[in-house]
Each structure stands twice: as C-alpha cells, then as structure tokens.
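> Now for the letters of each chain:
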Amino acid sequence: MDRDPALTLSRRDLIKAGVGSASLLSLPLVAQADASAATAAAPVMAEVSLEVNGTPRTLNVDTRTTLLDALREHLHLTGTKKGCDHGQCGACTVIVDGRRINACLTLAVMHDGDRITTIEGLGSPEALHPMQAAFVKHDGYQCGYCTPGQICSAVAVLDEIGQGIPSLASESLTARVRVSPDEIRERMSGNLCRCGAYSNIVDAIAEVAGSRT
Amino acid sequence: MRAFSYERAASPAEAAAAAARTPGAKFIAGGTNLLDLMKLEIETPAHLIDVNALALDRIEKTDDGGMRIGALVRNTDLAADTRVRREYPLLSRALLAGASGQLRNKATTAGNLLQRTRCPYFYDTAQPCNKRLPGSGCAALEGVSRQLAVIGGSASCIATHPSDMAVAMRALDATVDTVAPDGSVRHLPLEGFYRAPGTTPHLETVLNRGELITSVTLPAPVGGTHVYRKVRDRASYAFALVSVAAVVQRDGSGRVAVGGVAHTPWRSNEADAQLPQGARAVSARLFARADPTPQNAFKLQLAERTLHAVLAEAKG
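Respectively, the protein sequence lines represent chains A and B. Take the first sequence: its position 177, counting from 1, is numbered 177 in the working numbering, and each next residue is one higher. Take the second sequence: its position 242, counting from 1, is numbered 242 in the working numbering, and each next residue is one higher.
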C-alpha cells in the first residue's frame with residue numbers, strides 16, 4: 001500500500017464471523033460492518049485526508065459520502081454545484097490531481113491524499129482566473145448554476161488539448177490537436193447549461209485558448 | 001444509498017479473496033456506473049473493495065507483439081496512448097465516442113466492460129425487470145424499446161450492453177484476463193465473455209464470484225483501415241442506437257462488430273466473410289436471426305446503412 005495510511009475507519013459493528021483477524025491484518029485498511037439484514041443500514045464512518053485548494057483537510061465521513069457532498073456539506077465549499085447527482089450534467093466538475101471528474105460519482109474515501117481544486121481554488125472575486133474573467137466578458141452564463149462546473153471543465157479541457165489528448169472531434173489521432181469550436185463543443189459535452197449559454201461559453205474558452213498559443 | 005463497509009485491496013489475489021469471502025461485496029474502481037446505481041439502490045453492496053491502488057494501470061507490449069491493457073487504465077489514457085492511436089485506432093475512436101471527458105478520466109478498462117445496461121426499465125425500480133429483480137418480469141418487451149436489443153435477447157430480457165470500447169475490443173479479438181480468489185488465472189475471449197440473457201439475464205458475464213479482471217489483452221495489430229461509427233440521438237454524450245467497429249484490409253476482407261443491438265458486441269465469422277460483398281451481405285448474415293420489436297426494427301436498416309457508410313469510408 002503506497003498511499004497515506006492516515007485513513008482510519010471506525011468499526012461500529014462487530015466484525016463478521018467470516019472475516020478472521022488474520023485476513024484483517026493482511027489488509028491495510030478495513031472498515032467492517034455487519035452485512036446482515038438487521039444492521040445493514042448502520043452507517044460506517046471513515047477518516048479521509050484531502051488537500052483542497054492547497055489546504056490539507058481531514059474529515060470523518062460516512063463511507064457513502066460523495067466527494068461532492070464532502071466539499072459542500074463538510075467543507076462548506078458550495079461553489080461546486082449539485083445538479084443531477086448522477087454524472088449527467090457536469091455541474092459538480094472539479095479537478096482532482098490535475099484531471100476533471102464528476103465529484104458526484106466518486107466517494108470521498110476514495111480520495112485519501114488527493115489534491116482537489118474547486119472553483120474557489122481557481123480564482124477569487126479580486127483575482128479572477130483567466131477563464132472566469134472570460135466567462136464574465138463573454139456573458140457565458142445566465143442563471144450561473146452550471147458555471148463553476150463549466151469553468152473547472154474548461155480549464156481542464158485546455159490542459160487536455162495541451163497534453164495532446166485527442167477527442168472525437170479530432171480529425172487525426174496522430175496529428176497535433178488544434179483548438180477549434182468543434183473541439184471545444186465535443187470536449188465540453190459533459191457540461192449541460194439549461195439556460196443555453198453555449199455559444200458564449202465556446203467564445204470564452206476559445207479566447208482563453210487563443211491567448212495561450 | 002445503503003450503508004456499506006469499505007476496504008482498500010493490497011493485491012489482485014487478495015481483492016478476489018476478500019470479494020469471495022465477504023457477503024455482498026463488490027469491487028469499486030472508477031465507480032462512475034456503480035455509484036450511480038447505488039444511489040438508486042439498484043446496486044446495494046454491503047461492502048466495497050476499492051481496487052484503485054492495485055498496480056493494474058499499465059499498458060504493456062506482449063511477447064507476441066500484442067498489447068496488455070491493465071484493468072485500471074482509465075478510458076482517457078487508453079484512448080490517448082501513442083501505440084493505441086497508431087496501431088489500434090479503432091479502440092481510441094470507440095473510447096472517445098463514449099461518455100464525457102469527466103467520465104473517461106475516471107472510468108477504467110475493466111469497469112467499462114462490466115458496466116450495466118441503460119435499459120430504462122432496469123433503472124426504474126418501480127417497474128419489473130428480470131435483470132434487476134430476477135423473476136419480476138420484463139417491462140421492456142411491451143414498453144418503450146426503441147433503444148433496446150434486436151438480436152440475442154429472450155422473452156426475459158432485451159437489454160443491450162452499452163459500451164463502445166467493448167465493440168472495438170470484440171473486433172480486435174480481445175481476451176479478458178482474470179484472477180480468482182484462489183490465485184488462479186483465466187484468459188477469457190471477449191467473444192464468450194457476456195452471457196446470453198436466456199432465462200437468467202441477471203447473470204451477465206462468465207466471471208465467477210470474486211473473480212477480478214486484471215487486464216485485457218489484444219493480439220498483435222492486424223493493420224488495415226480502422227473505422228468506428230456511432231449513431232445516436234445527439235452528437236455527443238449519448239449511448240448508441242447502433243455503432244459499427246470495422247477493420248478493413250486492402251483486398252476488402254476484414255472484421256466488423258456492431259454495438260447497441262444486443263447484450264454483447266455482435267459479430268460473426270460468417271458475416272465477416274461477406275465483407276468483400278458489401279454492407280447488405282454482411283448485415284443479412286449478422287442479423288439473420290434478429291427478433292426486433294416494432295419500436296426498434298429500424299435498427300436493422302440503420303445498422304446496414306451505417307455499415308455501408310463505414311465501408312465507404314474505409315475505401316477512402
């Protein structure tokens with residue numbers, strides 16, 4: 001186990017008869033709950049340490065807690081939004097160890113030791129991230145609910161293009177990926193905007209991409 | 001979501017052993033499908049075995065010039081791998097046609113193969129579904145079946161397998177490598193990996209209890225022109241109505257697998273042999289035993305036309 005063993009799990013329930021202590025010792029981190037019907041609903045708590053926007057945070061959470069709920073309900077970083085809670089809308093997009101993911105479809109306990117960047121970590125009202133500034137300039141939103149996810153996703157999209165990761169819109173799998181409206185639209189398809197600000201979102205991202213090349 | 005206990009596995013064999021001895025245990029890797037289903041209480045594991053720390057995230061060349069893809073290689077990394085892009089472009093294209101950027105960053109190779117159907121009746125816990133609740137019936141047969149299977153189904157289930165990646169892997173003759181709780185390993189051709197639904201649609205693969213996928217192996221590249229074409233209701237981030245994965249050689253021979261039509265990527269040697277004769281001949285062989293519903297019979301024509309477009313593209 002090469003990850004931080006700081007994760008400790010409380011054992012609210014008795015260890016199952018079928019799991020002996022020897023096998024427990026052979027496993028680095030185990031949270032046990034009695035799986036029988038009578039106690040199946042008992043929550044299991046676990047400790048997890050995250051680095052969120054550069055700050056180490058340690059939480060004691062129900063194992064069911066998604067990364068999204070850990071950010072919003074435990075750390076009160078409410079910039080990251082819960083839209084569908086099923087990975088379909090992208091409102092919960094955050095950047096974990098440099099990659100964008102849906103925070104609603106991953107468990108907090110699966111991220112021990114990970115570096116999380118949320119919209120609060122990209123910029124501040126006094127010092128906007130260039131992508132935030134471009135969204136303001138191009139009016140890339142109406143109600144604003146999907147915007148933090150759009151911006152986190154957009155920042156990661158430009159990194160992905162920079163790394164040469166292809167998309168379905170890339171004509172060649174071997175040539176250098178070029179930023180284009182088609183590339184931006186395809187790569188941003190996991191972020192829905194029910195207000196329909198898409199064309200302005202594409203303009204904002206294209207402007208930031210242009211300023212980098 | 002039901003409460004569950006959680007552990008991190010230290011080795012593939014230990015993960016398999018833990019899964020075999022722990023009632024209600026499931027592996028979790030990317031989690032993008034499992035957590036979705038757990039929130040809906042369609043999946044209700046009592047125990048999760050997190051396999052993310054296992055060293056199964058490498059892409060290696062095999063001794064015979066093929067490729068071994070670790071079970072935990074993320075969809076994004078597999079699609080972007082230099083050798084995959086050059087030698088198995090069909091696989092890159094199929095992966096990039098699936099899901100969203102965020103999901104591909106998390107979803108794994110093994111998890112992609114084991115994802116569950118998106119049949120709306122499987123997802124709706126108020127409806128009967130033999131896959132979700134064996135013996136409860138199938139609401140899809142008389143229901144909205146536009147998205148569902150046209151071949152290989154049964155009177156119990158007409159769900160489709162939703163993966164794009166698996167369709168390309170089937171055309172590339174992939175093998176699924178596993179480890180069992182006793183440490184023994186198996187190499188299962190993807191061809192026989194998914195069980196036909198029959199009367200037991202809840203049994204989806206030939207994996208045994210606790211058996212863990214460790215990698216997927218591709219034979220040496222076969223050359224040819226690789227084309228993956230996916231037809232769906234919107235241009236991006238939607239499951240296939242029909243998808244076609246084809247490798248076509250200069251002499252017109254090749255192989256073709258079709259997605260969105262069955263419980264498994266659909267391919268046959270007899271149909272492959274018809275490739276030089278064109279899309280109609282291939283489609284006739286592939287779908288000779290099709291049994292569509294009135295709502296999804298259009299898929300047969302759509303598959304033939306998609307195949308026609310793919311073969312035209314392959315010819316250049």
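No wet-lab data here; the hints were simulated from the structure. Quantities reported herein were computed from a predicted structural model and do not represent experimental measurements. Hints should not be assumed to be uniformly reliable.
[Said to hold, decoys possible] Here are the in silico distance ranges between beta carbons for each label pair: (1) 288(B) <-> 49(A): 37 to 43 Å; (2) 137(A) <-> 20(B): 56 to 62 Å; (3) 134(B) <-> 174(A): 44 to 50 Å; (4) 136(A) <-> 144(B): 50 to 56 Å; (5) 209(B) <-> 49(A): 32 to 38 Å; (6) 291(B) <-> 142(A): 44 to 50 Å.
All residues carry an ideal CB built from backbone N, CA and C; glycine is no exception.
> Hint by hint, where does the structure go against what was stated? Just the numbers, ascending.
1, 4
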